[in-house]
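The primary structure of each chain is shown beneath.
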Amino acid sequence: MPTLTLVQAVNDALKTAMRNDDSVVVFGEDVGPKGGVFLATEGLTSEFGEQRCFDTPLSEDGIVGTAVGMAMNGLRPVAEIQFQDFIFPAFDQIVSEAAKLRYRSGGQYTAPMVVRTPYGGGIRGGLYHSQSGEAYFCHTPGLKVVIPSTPADAKGLLIASIEDPDPVLFLEPKALYRAVKAEVPEGHYTTPLSTLRTVRKGTDVTVFCYGAMVPVCEKAAEQAAASGTECAIVDLRTLLPLDEEGVLEAAKQTGRVVVVHEAPRFCGFGAEISALIAENAIEYMEAPIARVTGFDTPFPNTLEHHYMPDHRRVLDAIEHVAAY
Amino acid sequence: MERVLATDGTLVAEDPALSPERLRELLEHMLRVRCVDERMLKLQRAGRVGFVGTAKGLEATLIGSAAALGGRDWLWSGLREGGAALMRGLPLAEYVAQMYCNANDTAKGRQMCNHFQHKGSHYPSWSSCIGTQIPHGVGAAFATKQRGEDAVHGIYFGDGATSSNGFHSGMNFAGVWNVPAVFVCVDNGWAISVPSSAQTASESYADKGVAYGVPGTEVDGNDVLACLGAMGAAVERARAGEGPSLLVLRTYRMLGHSSSDDPSKYRDDAEVSAWAARDPIERFERFLVARGVLAEGERASLEAELLAEIDAVIHEQEAAPPMPLKTLVEDVYAEVPRHLRRQYNAFIAVAERHGEAQPGDGAFPL
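In order, the protein sequence lines correspond to chains A and B.
Counted from 1, the first sequence has number 305 at position 305 by this note's numbering; the numbering is strictly sequential.
Counted from 1, the second sequence has number 334 at position 334 by this note's numbering; the numbering is strictly sequential.
Worth flagging that the hints you see were computed from the coordinates, not collected in a lab.
It is possible that part of the hints are untrue.
The list that follows gives simulated cross-link-like pairs (lysine to aspartate or glutamate, DMTMM-like), each with its CA atoms no further than 20 Å apart [to be verified]:
no., chain 1, residue 1, chain 2, residue 2
1, B, Lys42, B, Glu318
2, B, Lys145, B, Glu236
3, B, Lys42, B, Glu303
4, B, Lys145, A, Glu286
5, B, Lys145, A, Asp22
6, B, Lys145, A, Glu50
7, A, Lys219, A, Glu319
8, A, Lys15, A, Glu245
9, A, Lys201, A, Glu245
10, B, Lys145, A, Glu319
11, A, Lys219, A, Asp316
12, A, Lys219, A, Glu245
Modelling step: build the complete structure from the supplied sequences, incorporating the hints.
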């Protein structure tokens, strides 16, 4: 089995999907001959031609708007937004159009499409190359929101997203693009959406996380284990529609919960996890639910390593919850 | 500005040489639009339908232009193209069901009134957001071209939409991709209460095409033959792979933006009566009578027939069954996900206790 970085796994997924289905097209800014600013689309134009992987004018609204029309007329568009921070001109097309099309047309028209975009901090990108905007989109019925944290999941989840009958926002943790190499199965396979991944088993505290926070939580869990606290780590993988049963089951197993994300705290995805558990499993809780998140500020630049939750802040929350 | 008929119905350009049957069809389609609008306004005032955005005064723009589209072509609509959908195959019963937003509506009553769709004739509904359908039409036209098919995409919007993101990105992408599309701007002079002078500093909306490498043409929108001719040329150009065009059909919205709007607050009666003298149906009627295709006074009997047909359909739609409650959570995704099943089940338990559920409304299996 080959070992790939996460961004190479994305590239492998795109090639696999395009070989499998002629209706899959990939487009966005600089995705053609250049292969994308992170090289996620490297080699696609040369293999599949410029009718299937191509550059667009510099307009996120146009990229996603035309993707909706392509999807309505038989293509499987995979649109790239260069950084998630630049997605907001396309917010209307994602929220008002792609996500609502099936519902508003009574199922007559659908938008099977994927919007891929790198998100998150850790690359010294400042306010506008670092944000985690997942919560905006998770408030949008009709949309699916998927975030991988490993190369194998990046490939399996992306192929599943491209084959899904509904629009998917696929958020790629850019901090992990080249952080690790891991084994990725060759050829076509899918990782089902709306399923959790148990990263680590443990009986004392359950840590919920996703994307670039997964390795941070793993490091914190290793340190906690050294002092006798065994953490379960759950990678949510699909935020919408969420595997709510899986979250509740994992929370009940330990009765002590920490939720970690790098997005701001207020109305962040951790609030939904916390409320879900409080509403459905509060009688199992041995301690208040803790959230470790980014600050409720714009994303900083020079102090980004303090803004993003690190293993020390996660460990502090684990210890606090375990000792309660 | 392209024109075939003067206001008095005389020819001022080359005779398009349409058959008498074709000429009469165009008149009937325009009359149907006006008659349907008239009935819908009555129903709105009677509290039977919630909202009407009429096409009174605009009939030539939508009938003339859409008549140049073939069965495999697409029509990407805005608020006022419902009459074109009727001409292209939307059954009148579905039109009225959509106005009632009832259980016979193909959109399952989920959109407010005046948001028609007809998949069989490639007519998706608009969303209500202005201009968002423009890049959809461009993307769909890209798909058509990529597969080597020869359908053309007519993309409709109003003058106000020329200020939207969708207009800019749609026109720009269409120009760069050279897709088979025709942009149809129905310029009725007013975006609700905002006149064109407050919408753009361009002399004409057609000038905007220059920036995108898309040729723009102004057409007399109250002249059905001019609309048909200009659209026919643009459609053939697109079908031949020569690229997109922008047509600006200049017309006037005789009534308010919608049944909720009082236009006397923002525009002069003199302006309205000047445009009333240019009525598109009267102009075409004069032409047909002079040509001997229509008898003097025949219009009244055509209208009576249309109204009888419409009234019969309205009567049927009054008897629509109640909306199944499960449509609350269906069609959000291809399959109803577990969280929506749970939300529905909690809701239906309360509805059942209050005796509001019908057979078939019961809980989803979990």
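For which of the previously enumerated hints does the structure constitute a violation, in increasing order of number? Going through the list in order, the structure violates hints 4, 8, 10 and 12 and respects the others.
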